[in-house]
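Asker: Chains as they are written, first to last, in the working numbering: chain E, 6 to 447; chain V, 6 to 447; chain R, 6 to 447; chain W, 6 to 447.
Everything labelled a hint here was simulated from the structure, so no lab data went into it.
Some hints here could point you the wrong way.
One copy or two, either will do: identical chains are not told apart, so a pair holds if it fits within one copy or between any two.
Claimed, not checked - Here are the simulated DMTMM-like cross-link-like pairs (lysine to aspartate or glutamate), alpha carbons at most 25 angstroms apart as the crow flies: (1) Lys173 / Glu323; (2) Lys19 / Asp33; (3) Lys157 / Glu394; (4) Lys136 / Glu272.
4 protein chains.
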Amino acid sequence: MSVKEDIPAIFLDKISPKGLDAIQKCKDFVEQYCLPADKIYLEQLSPDPTKRWKSTPQITEKLKKKAQELGLWNMFLSKHYAEGAGYTNLEYGLMAGYLGRSLVAPEATNTNAPDTGNMELLAKYGTQYHKERWLKPLLNGEIRSAFLMTEKGTSSSNALNISVSAKKNANGNWVLNGIKWFASGSGDPRCSVWLVMCKTAETKAIYENHSVLVIDAKKALATGNAKLIRPLHVFGYDDAPHGHFEVEFNNYEIPSEDMPHSILASEGRGFELIQSRLGPGRIHHCMRLIGAGEQALLRVSHRANNRLIFGTLMAKRESFITAFAQHKINLQKCRLLVLNAAHKIDISNAKQAQREIAMAKIETPRTVGRVLDWGIQMFGAEGVSQDTELARLYAINRTLQIADGPDEAHLNQLGLKEAKKFALASEFFAQQEEYRKRLSNL
Amino acid sequence: MSVKEDIPAIFLDKISPKGLDAIQKCKDFVEQYCLPADKIYLEQLSPDPTKRWKSTPQITEKLKKKAQELGLWNMFLSKHYAEGAGYTNLEYGLMAGYLGRSLVAPEATNTNAPDTGNMELLAKYGTQYHKERWLKPLLNGEIRSAFLMTEKGTSSSNALNISVSAKKNANGNWVLNGIKWFASGSGDPRCSVWLVMCKTAETKAIYENHSVLVIDAKKALATGNAKLIRPLHVFGYDDAPHGHFEVEFNNYEIPSEDMPHSILASEGRGFELIQSRLGPGRIHHCMRLIGAGEQALLRVSHRANNRLIFGTLMAKRESFITAFAQHKINLQKCRLLVLNAAHKIDISNAKQAQREIAMAKIETPRTVGRVLDWGIQMFGAEGVSQDTELARLYAINRTLQIADGPDEAHLNQLGLKEAKKFALASEFFAQQEEYRKRLSNL
Amino acid sequence: MSVKEDIPAIFLDKISPKGLDAIQKCKDFVEQYCLPADKIYLEQLSPDPTKRWKSTPQITEKLKKKAQELGLWNMFLSKHYAEGAGYTNLEYGLMAGYLGRSLVAPEATNTNAPDTGNMELLAKYGTQYHKERWLKPLLNGEIRSAFLMTEKGTSSSNALNISVSAKKNANGNWVLNGIKWFASGSGDPRCSVWLVMCKTAETKAIYENHSVLVIDAKKALATGNAKLIRPLHVFGYDDAPHGHFEVEFNNYEIPSEDMPHSILASEGRGFELIQSRLGPGRIHHCMRLIGAGEQALLRVSHRANNRLIFGTLMAKRESFITAFAQHKINLQKCRLLVLNAAHKIDISNAKQAQREIAMAKIETPRTVGRVLDWGIQMFGAEGVSQDTELARLYAINRTLQIADGPDEAHLNQLGLKEAKKFALASEFFAQQEEYRKRLSNL
Amino acid sequence: MSVKEDIPAIFLDKISPKGLDAIQKCKDFVEQYCLPADKIYLEQLSPDPTKRWKSTPQITEKLKKKAQELGLWNMFLSKHYAEGAGYTNLEYGLMAGYLGRSLVAPEATNTNAPDTGNMELLAKYGTQYHKERWLKPLLNGEIRSAFLMTEKGTSSSNALNISVSAKKNANGNWVLNGIKWFASGSGDPRCSVWLVMCKTAETKAIYENHSVLVIDAKKALATGNAKLIRPLHVFGYDDAPHGHFEVEFNNYEIPSEDMPHSILASEGRGFELIQSRLGPGRIHHCMRLIGAGEQALLRVSHRANNRLIFGTLMAKRESFITAFAQHKINLQKCRLLVLNAAHKIDISNAKQAQREIAMAKIETPRTVGRVLDWGIQMFGAEGVSQDTELARLYAINRTLQIADGPDEAHLNQLGLKEAKKFALASEFFAQQEEYRKRLSNL
């Protein structure tokens with residue numbers, strides 16, 4: 006089936022022929038390779054907690070090769086980047102809508118978070134050295150990366166709270182102390198580079214006290230002064246082999262040879278970098294979630310075709326089909342929000358599209374969560390189990406109401422922006438009196 | 006303020022310069038003339054039930070003159086019509102988003118329901134005679150019209166239930182019998198023509214038994230065989246002078262001289278005509294409602310700027326601003342749904358855009374209803390009263406969950422269409438097994 | 006049918022035989038007299054705005070006589086009052102669940118707001134004079150009363166904002182100035198006494214600056230210094246002949262002969278009085294609303310039995326019956342909340358039952374609102390019209406989310422009370438560590 | 006704190022002194038022993054999938070001893086049973102409200118599902134042999150049990166679909182074939198007896214073809230003809246060591262010596278038994294969930310006291326405290342529903358309380374799910390992790406919208422029962438016309 010049927014009317018003429026071709030290839034690759042590979046991937050993961058983090062399922066490498074052959078590689082890196090695949094955010098957004106249907110598709114096409122955001126940062130702010138040493142192998146899918154941001158015991162959505170410190174010692178080297186957690190991807194055996202949001206100063210210019218450090222993860226772990234403490238779970242999932250670890254720095258000193266390359270961009274620009282990292286990434290996440298929601302509906306509609314409920318086919322039950330239609334509408338509303346935001350980024354930039362991005366980020370996980378919850382319910386006990394993967398999707402989706410800023414923070418910020426316009430409303434009504442007087446002379 | 010700021014990014018390059026100019030003029034006209042005129046309009050309406058239906062507030066004619074001067078006239082009639090103002094549905098949709106903010110704006114610009122749908126029908130299906138006699142004065146805003154569809158005691162959303170009958174008598178003239186109700190606009194003293202959905206045959210081809218009759222309303226009422234029985238209320242409002250009447254036909258015979266022009270299109274095409282009537286009209290309604298929702302938020306934000314709640318300005322209360330932001334998001338989601346549907350009509354037609362129109366029709370009144378209900382709550386007792394007009398908007402909006410087919414009917418139909426694709430889902434999962442086998446050879 | 010079937014199990018043994026008998030009589034009286042009288046009542050009301058407020062429908066007096074014969078009179082006045090009918094709040098609550106089903110039943114049984122609350126105040130705080138002059142004819146249903154509280158331009162839910170002032174003039178008489186609005190019942194031609202919350206002092210003891218004045222309404226209006234400015238509407242309804250008026254005091258001086266009886270309780274006790282007035286009244290309101298909700302479901306189930314929707318009886322449609330069941334559950338939850346609160350008042354007092362009352366007050370109108378909205382939808386266009394009275398019930402119910410304190414205020418207050426216990430939670434978790442240590446020795 | 010403060014007013018005088026004492030002891034035991042033991046329990050569970058099912062955490066036995074000392078043992082078995090602890094369902098319901106706050110409390114007090122339901126069945130229907138061999142050690146907490154009901158590939162909520170068959174072979178012994186799954190507790194190393202719902206006949210009396218077989222689990226597994234295939238997961242949790250297994254019967258023959266005791270009650274009474282099993286059990290589940298919800302709110306309020314959100318203590322944020330209050334109300338509504346149902350069972354029986362039980366069963370998991378979801382959100386990333394246990398509670402709670410019949414089934418059944426009364430509604434409105442006529446003579 007042509008992907009054109011999935012694209013809302015208003016976006017059709019915004020897609021280049023090259024983009025359309027890639028979107029179609031994405032859909033086909035996901036359906037013919039990735040979705041069937043998902044089960045294999047999970048079977049190839051060791052259930053043994055001591056081995057689970059030591060290797061990655063072999064199927065992944067096969068899929069990566071296939072994706073590269075098809076030219077489905079690094080599509081997330083938009084045309085603004087020299088290294089980019091040349092797609093717009095809108096085009097990639099539509100691709101992500103398919104990639105999100107499968108567990109392995111993002112990794113298979115090297116479009117997996119958090120590597121995508123990290124690659125964007127390295128491409129935008131990295132030195133030639135950073136690009137050669139880290140960006141290149143990341144773009145090649147040879148290594149993986151993590152962004153260490155969230156900290157225990159404080160609201161990391163307010164980055165001013167970040168307190169893992171990096172201080173220069175007598176050698177002039179950064180020494181790190183403190184605990185990060187929920188460092189996604191840090192458990193992966195291939196994870197080689199950490200970008201770490203640190204407090205590098207204590208000045209009054211509170212938005213300039215933080216920096217992003219670039220750390221060779223394997224070297225750091227080898228010293229014993231940086232440690233993977235434990236995997237954090239999401240519901241009962243550990244998301245091995247990537248995982249979300251608690252990482253402790255205990256007087257970890259960056260080796261002298263790495264010091265010249267230890268800061269991304271420059272000291273004190275941590276806030277700028279984390280801001281820059283978030284815009285398009287949120288859009289990618291949202292589109293993947295919508296894809297997951299659509300996959301759940303597909304799964305449910307297959308079941309509805311085969312399951313009798315007290316003598317009536319589920320697909321014939323009024324409450325089923327009206328609920329199904331409602332979920333379709335809800336996903337469509339999110340899709341329009343997200344793609345409109347993607348397009349706004351394309352024609353201006355992430356900063357100008359902040360309002361649109363926030364709306365998409367707030368609405369999508371909520372909506373998809375309801376779709377998945379309903380999907381679970383329609384499958385009964387099977388729905389919560391490992392047999393449908395709906396519960397896993399639910400857990401992943403649920404975290405997106407928290408990650409990159411909880412809904413509450415975004416809604417509050419949006420509200421504060423709206424409130425700035427309230428004075429205009431009062432002016433408006435004041436003026437109405439004037440206009441009313443003029444009307445008597447009409 | 007430029008209307009560009011109100012238009013979602015993705016639609017910006019779809020608006021012609023002419024369209025953009027008209028949208029801006031609409032906004033200004035509504036703000037400077039219509040909104041200030043709303044109160045005057047209501048004051049000029051007699052509270053006396055015996056006079057209330059006999060004349061229309063004078064302010065209307067003044068506004069109509071002004072609108073014509075500004076070229077803001079009949080904008081609803083899209084470029085598909087010879088008589089059209091030359092705008093796309095998308096462009097007019099954006100205009101309707103402003104017109105809907107004011108009670109009188111639609112009439113002031115001759116874009117009031119049900120006249121709009123009636124004019125579309127007459128323009129598309131009318132003979133030269135129909136156009137000269139009815140369409141022209143309607144387009145000029147000299148007369149008004151009604152569409153008599155809904156009947157007492159049956160679900161008119163299923164048009165097969167329509168039973169007001171027209172049978173030919175010995176003179177070869179149609180004789181009508183039965184009762185219509187909720188005939189919007191039929192109370193207006195200027196209402197001159199009725200389009201009446203009648204059962205004109207009893208054949209087995211059940212979708213060909215109905216026809217739309219064109220009836221000279223004043224002539225009919227003069228005979229006494231057609232009667233305005235009583236106005237139906239909407240939450241206590243009678244919507245005078247237009248109203249929604251119960252209309253009884255008691256052996257009403259169409260006069261011989263009108264018989265040659267008594268059928269719109271031709272006999273048995275009633276279903277085709279009512280189908281044709283509904284597509285763009287639903288979009289217009291939705292955009293007007295969104296406009297009403299935005300106006301409510303404007304009103305609320307003015308209040309929030311001035312009202313202390315237990316010592317804190319309402320505008321500073323967290324629960325207020327987050328609720329405000331949420332309603333803004335919700336309206337934005339509807340706006341995208343509606344405008345996407347309008348654009349789909351523009352690039353294809355109403356039939357092909359059925360799914361998009363249904364989604365917009367289902368979601369918009371619900372969403373706006375919640376906005377208005379919240380607006381009422383924020384105004385306290387004043388909110389339910391005549392002083393804010395929010396309750397009137399609520400009542401109008403509420404009927405749109407019923408009119409032109411209740412939500413349930415649309416959702417059901419949408420669900421049935423989705424269910425037709427369920428077989429594809431089953432094929433899909435069958436095929437997945439094939440693909441999984443192939444993967445082992447990858 | 007025995008009312009026992011409507012009473013939740015847990016309340017059964019709390020009802021006295023006398024109470025049970027009265028509840029049954031209430032149900033029968035409502036079904037056999039009041040509900041059939043509702044239409045007659047509305048027909049007897051003049052549509053003419055100049056006459057509508059001048060007399061009350063005759064049917065009312067007939068019903069009152071019948072109710073008195075049956076001993077169904079003043080049941081609201083609980084056993085705490087010497088003048089009381091001797092029922093508990095729980096017993097009367099169950100009666101109100103039937104009275105609320107009919108428009109006229111509360112007036113027919115002399116249990117109509119705001120008279121009920123006013124009678125409670127007069128019984129509790131009135132002097133012998135007050136009781137003779139006002140309470141007696143009120144208890145006899147000969148006159149009616151109003152409580153003038155809410156003011157324009159401020160949040161009256163915070164009574165500190167009340168600013169209609171009463172100051173003593175040279176004669177030593179109170180002189181009132183300011184505007185009250187939404188004075189329910191003040192439009193009634195029989196309305197003879199106003200209780201007016203006024204600011205009578207400007208001291209620093211801000212909770213002691215207000216008093217409730219007792220004013221002879223007819224005398225006041227005769228002077229011209231107190232005026233009924235206009236009726237406020239509720240969603241298009243004026244609720245004639247009782248209404249909700251804007252009342253202006255323009256140097257209105259209480260005549261010397263009334264001065265000795267001009268203050269209820271004593272000066273500066275306004276806050277105490279309004280607090281006292283509200284507890285049981287809220288419970289009465291809630292039970293009446295639940296009754297209205299049940300009546301709506303009854304009406305809907307009758308329709309469901311008779312209406313075909315695309316060939317299927319509404320009563321057979323899955324989405325209909327599951328929605329019906331859900332609304333039944335929702336009403337049941339409110340019923341339990343409300344009756345539990347009523348019982349708590351009975352075994353302690355309104356102050357101690359504050360939390361329970363607040364919960365009932367917050368949940369009931371919301372829940373009933375959704376029942377009524379669904380009822381409207383199930384009736385289609387007829388649902389919003391005067392033919393089902395569902396829209397009128399909706400409007401009445403909607404105001405109860407605002408009157409006697411908006412939901413937001415109650416929820417906030419409840420939240421603040423809960424927050425006072427948060428420190429206990431922290432203690433609890435601190436202690437858990439202790440307990441954990443002890444466990445090792447277990 | 007006295008438990009009296011947690012008991013809704015209306016239930017207070019229904020609790021015996023003995024019951025009140027036990028409720029208080031339950032609360033104290035849970036707070037002082039069970040909650041602190043929860044973490045220890047999870048630490049003592051091996052993460053190794055090969056060992057995880059082989060032993061149970063030692064802490065459990067210590068707690069069981071303590072509970073027995075305190076007399077907190079088998080409280081679920083109501084006074085209807087000879088072996089019962091002598092409490093009413095209402096009393097035990099209130100205890101379950103505390104037990105549900107802790108992961109280990111139910112097992113510690115021998116009130117864990119599915120053993121409770123199984124013990125009830127054995128007590129009611131078991132022979133002396135059954136009681137001696139299985140009930141006694143179960144009541145002593147020495148062994149555990151499972152009820153094998155749900156089957157793969159069909160809706161087990163309709164028990165007619167149950168197809169695991171038991172047929173007598175030439176020896177006259179039952180031979181079982183087929184697959185059960187989600188057999189809760191079957192993974193436990195102490196699980197010694199299975200009650201298996203089987204199809205034992207194929208007659209036309211379709212409700213008499215099923216029987217409950219009593220199977221010695223260890224013996225069965227030893228043959229290799231009954232196998233634990235794999236644990237089913239719930240949102241990633243395996244719930245070891247109890248688990249929810251897929252169990253396969255492959256020509257498993259019940260040994261001759263067990264045949265005389267192989268059927269509970271008698272052949273063909275499977276439906277009767279599963280009906281009997283469900284009533285009070287649902288109430289227990291609901292009260293435990295409400296307890297879990299309360300525990301989550303306690304946890305959240307502790308956090309709120311300590312967590313700054315953009316400079317404001319969470320406990321001071323309006324949106325936090327109003328949400329908190331709303332969740333408190335919602336839990337209270339469920340508590341009233343559940344306890345009212347429990348009391349109705351106490352004063353009549355489970356069958357007569359079916360409507361009340363269904364309402365409780367439908368509303369509770371939904372409501373608690375929203376509480377837990379909000380709790381998770383308030384904890385941010387920590388909320389989905391193993392550190393708060395909120396996600397585990399969410400998963401457990403979520404299954405209760407499916408187990409013992411999905412919400413949809415219960416709502417449908419409730420709706421069908423309501424629909425039986427629709428004819429009465431029509432009678433009612435027919436009669437109203439009569440009454441209206443009579444009124445004219447009043």
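Asker: Indicate which option fits the pair lysine 173, glutamate 323 if close means a Cα-Cα distance not exceeding 25 angstroms: within, between, both or neither.
Answerer: neither (67 angstroms within a copy, 41 angstroms between copies)
Asker: Is the C-alpha distance from lysine 157 to glutamate 394 at most 25 angstroms within one copy, between copies, in both cases, or in neither?
Answerer: between (29 angstroms within a copy, 16 angstroms between copies)
Asker: My question is about lysine 136 and glutamate 272: at a cut-off of 25 angstroms on alpha-carbon distance, are they close within one copy, between copies, both, or neither?
Answerer: Within one copy, since 19 angstroms is at most 25 angstroms while 75 angstroms is not.
Asker: Classify it for me, lysine 19 with aspartate 33: is the Cα-Cα distance of at most 25 angstroms met within a copy, between copies, both or neither?
Answerer: Intra 21 angstroms, inter 31 angstroms, cutoff 25 angstroms: intra-copy only.
Checked against the numbered hints given earlier, this structure breaks only hint 1.
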